[in-house]
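K.L.:
Read left to right, the sequence shown gives residues 1 to 154 (the UniProt record's numbering).
Heads up, a few of these hints could be off.
Pairs of lysine-lysine, BS3-like flavour, derived with a Cα cap of 30 Å [said to hold, decoys possible]: (1) Lys-42 with Lys-124; (2) Lys-141 with Lys-112; (3) Lys-144 with Lys-112; (4) Lys-42 with Lys-15; (5) Lys-91 with Lys-15; (6) Lys-91 with Lys-144; (7) Lys-56 with Lys-112; (8) Lys-54 with Lys-91; (9) Lys-124 with Lys-54; (10) Lys-91 with Lys-19; (11) Lys-112 with Lys-42; (12) Lys-56 with Lys-19; (13) Lys-144 with Lys-122; (14) Lys-124 with Lys-141; (15) Lys-122 with Lys-139; (16) Lys-112 with Lys-124; (17) Lys-19 with Lys-42; (18) Lys-56 with Lys-122; (19) Lys-54 with Lys-42; (20) Lys-56 with Lys-139; (21) Lys-112 with Lys-139; (22) Lys-91 with Lys-124; (23) Lys-112 with Lys-91.
Computed beta-carbon distance windows for the label pairs [what the hints assert, rightly or not]: (24) Gly-68 with Asn-130: 36 to 44 Å; (25) Cys-90 with Met-137: 17 to 25 Å; (26) Gly-143 with Arg-77: 14 to 22 Å.
Derived by calculation from the structure, the hints in this document are not laboratory data. Idealized CB from N, CA, C, for every residue including glycine.
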Amino acid sequence: PILGETFRCLWIHPKTNSKTFYIAEQVSHHPPISAFYVSNRKDGFCLSANILAKSKFYGNSLSAILDGEGRLMFLNRGEDYVMTMPYAHCKGILYGTMTLELGGTVSITCEKTGYSAVLEFKLKPFLGNNENVNQIMGKIKLGKEVLATLEGHW
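Assemble the whole structure, with the sequences as input and the hints as a guide.
P.N.:
Following this line, the structure appears as structure tokens:
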């Protein structure tokens with residue numbers, strides 16, 4: 001993207017008769033930082049994020065490390081959830097089957113409520129079966145108390 005380049009769009013939701021607005025901008029070229037804002041006031045949420053994209057090349061694979069944070073605001077509850085981003089890993093870019101996976105740890109916290117979550121996106125091991133593809137594990141906490149654990153595939 002070009003510095004200052006923007007993209008805007010909106011979705012109309014027939015069931016709720018509401019509109020979701022989206023705007024994104026390339027706010028820095030060196031380093032490459034993008035920012036976006038999503039809003040649906042009628043349904044009571046806003047989401048904003050800034051992302052610094054870093055890349056690593058590993059021969060036949062490429063990782064896009066997304067450094068930055070997002071904020072999800074529930075307007076009717078006054079709750080503000082801050083979250084980090086997973087990284088994207090693309091395998092098979094030169095030969096083989098091209099696949100895209102998410103990896104790394106995502107943390108989500110709300111200072112007002114004390115709720116937090118840690119999600120771990122697992123990459124398929126180099127030598128392993130497809131059972132681990134798109135696997136996610138995590139814990140939801142209130143303060144230090146673990147309220148729930150989760151495991152599955154996204």
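K.L.:
Look at each hint and say if it fits the structure.
P.N.:
Against the structure, the hints come out as follows:
Distance check on the hinted pair: Lys-42 and Lys-124 sit about 40 Å apart at the alpha-carbon level, beyond 30 Å; violated. In summary, the hint linking Lys-141 to Lys-112 is supported, as the alpha carbons are separated by about 14 Å, within the 30 Å threshold. Distance check on the hinted pair: Lys-144 and Lys-112 sit about 15 Å apart at the alpha-carbon level, within 30 Å; holds. Proximity of Lys-42 to Lys-15 is assessed by CA-CA distance (about 12 Å); at most 30 Å being required, the pair is judged to hold.
This hinted pair does not check out: Lys-91 and Lys-15 have alpha carbons roughly 39 Å apart, beyond 30 Å. A threshold of 30 Å between alpha carbons decides the hint, and for Lys-91 with Lys-144 the separation of about 37 Å lies outside it, so the pair is violated. A C-alpha spacing of about 37 Å is found between Lys-56 and Lys-112, which places the hinted pair above 30 Å, so the restraint is violated. A distance of roughly 17 Å separates the Cα atoms of Lys-54 and Lys-91; the hinted pair therefore holds under the 30 Å criterion.
Between the alpha carbons of Lys-124 and Lys-54 the distance comes to roughly 21 Å, so the proposed pair stays at or under 30 Å and holds. Of the supplied pair hints, the one linking Lys-91 and Lys-19 is violated, its CA atoms being roughly 37 Å apart against a limit of 30 Å. This hinted pair checks out: Lys-112 and Lys-42 have alpha carbons roughly 22 Å apart, not beyond 30 Å. As the CA atoms of Lys-56 and Lys-19 are separated by approximately 38 Å, the hinted pair breaks the 30 Å bound.
Simply put, Lys-144 and Lys-122 have alpha-carbon atoms about 24 Å apart, close enough for the 30 Å limit, and the pair holds. For the given pair, Lys-124 sits about 27 Å from Lys-141 by alpha-carbon distance, which is consistent with the 30 Å threshold. The suggested pairing of Lys-122 with Lys-139 holds, with an alpha-carbon distance near 15 Å, which does not exceed 30 Å. Restraint check for Lys-112 and Lys-124: the C-alpha separation of about 36 Å exceeds 30 Å, so the hint is violated.
Taking the CA atoms of Lys-19 and Lys-42, the gap is near 8 Å; set against the 30 Å cutoff, the hint holds. Only pairs whose Cα atoms come within 30 Å are accepted, and Lys-56 paired with Lys-122 is accepted, the gap being roughly 18 Å. Restraint check for Lys-54 and Lys-42: not satisfied, since their Cα atoms lie roughly 35 Å apart, outside the 30 Å limit. For the proposed pair Lys-56 and Lys-139, the alpha carbon gap of about 29 Å is at most 30 Å, so the pair holds.
At most 30 Å may separate the alpha-carbon atoms for a hinted pair to count; Lys-112 and Lys-139 meet this at roughly 19 Å. Simply put, Lys-91 and Lys-124 have alpha-carbon atoms about 10 Å apart, close enough for the 30 Å limit, and the pair holds. A C-alpha spacing of about 40 Å is found between Lys-112 and Lys-91, which places the hinted pair above 30 Å, so the restraint is violated. Checked against the hint of 36 to 44 Å, the C-beta distance between Gly-68 and Asn-130 comes to roughly 31 Å, which is inconsistent with it.
Taking the beta carbon of each, Cys-90 and Met-137 are about 22 Å apart, inside 17 to 25 Å as hinted. Judged by the Cβ atoms, the range 14 to 22 Å given for Gly-143 and Arg-77 holds: they are separated by roughly 19 Å.
Checked against the numbered hints above, the structure violates hints 1, 5, 6, 7, 10, 12, 16, 19, 23 and 24; every other hint is satisfied.
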